[in-house]
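A.B. asks: In our numbering, the protein residues as written are 1 to 139.
If you are wondering where the hints come from, they were derived from the structure by calculation, not from laboratory data.
All C-beta atoms in this analysis are idealised placements derived from N, C-alpha and C, irrespective of residue type, glycine included.
Where hints are given, some of them may not hold.
[Said to hold, decoys possible] Under the rule of at most 27 Å between Cα atoms (straight-line distance), these lysine-lysine pairs were calculated in the DSSO-like manner:
(1) 6 x 37
(2) 79 x 27
(3) 68 x 79
[Stated by the list, open to error] Using C-beta positions, here's what the derived DEER-type ranges look like:
(4) 41 x 63: 24 to 32 Å
(5) 40 x 98: 33 to 41 Å
(6) 30 x 121: 20 to 28 Å
(7) 112 x 1: 33 to 41 Å
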Amino acid sequence: VLDREKVMSTGVGKGFAIPHGKTNAVKEIVGAFGRIKDGIDYDALDGNPVNLVFLLVGKDNLISTHIKLLSRISRLMNKDDFRHRLKEANSADEIVKLFSEEEEHFLLVQYLIYILLLLLLLFNNKQNTFDVFDQQKNL
1 VLDREKVMST
11 GVGKGFAIPH
21 GKTNAVKEIV
31 GAFGRIKDGI
41 DYDALDGNPV
51 NLVFLLVGKD
61 NLISTHIKLL
71 SRISRLMNKD
81 DFRHRLKEAN
91 SADEIVKLFS
101 EEEEHFLLVQ
111 YLIYILLLLL
121 LLFNNKQNTF
131 DVFDQQKNL
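Construct the entire structure; sequences and hints are all you get.
C.D. replies: See the structure below:
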């Protein structure tokens with residue numbers, strides 16, 4: 001993680017940092033979340049203090065999963081309202097609940113998108129069937 005920070009700060013802005021690294025010293029991907037009430041200097045890209053930190057440590061051979069998790073965490077933490085609710089949470093249990101609710105919402109949205117795509121495919125195929133039928137009728 002420290003070697004990664006030497007390359008470039010993982011303080012991505014908006015009060016958030018996502019330090020991460022890979023090592024075979026862990027058996028599976030490990031994550032930890034921390035909140036610093038007053039914020040700390042983290043050499044963030046926007047120059048502002050960091051008060052939300054999500055640490056991610058992955059295995060050397062799980063690169064794809066590691067990148068997907070980084071992407072998912074970044075998407076979550078890019079939501080102003082979500083970051084605000086994390087800052088205002090009164091307990092660790094409330095923070096865990098916020099992450100769980102946000103993940104459930106994400107999965108629901110993904111499911112709805114999947115259904116919409118299937119409906120579009122079905123509609124397009126049905127429309128194409130009608131087009132073929134109309135063309136045959138005109139022959």
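A.B. asks: Hint by hint, say whether it matches the structure.
C.D. replies: Verification of the supplied hints:
no.	hint	result
1	6 x 37	holds, 25 Å
2	79 x 27	violated, 31 Å
3	68 x 79	holds, 18 Å
4	41 x 63: 24 to 32 Å	holds, 30 Å
5	40 x 98: 33 to 41 Å	violated, 21 Å
6	30 x 121: 20 to 28 Å	violated, 39 Å
7	112 x 1: 33 to 41 Å	holds, 36 Å
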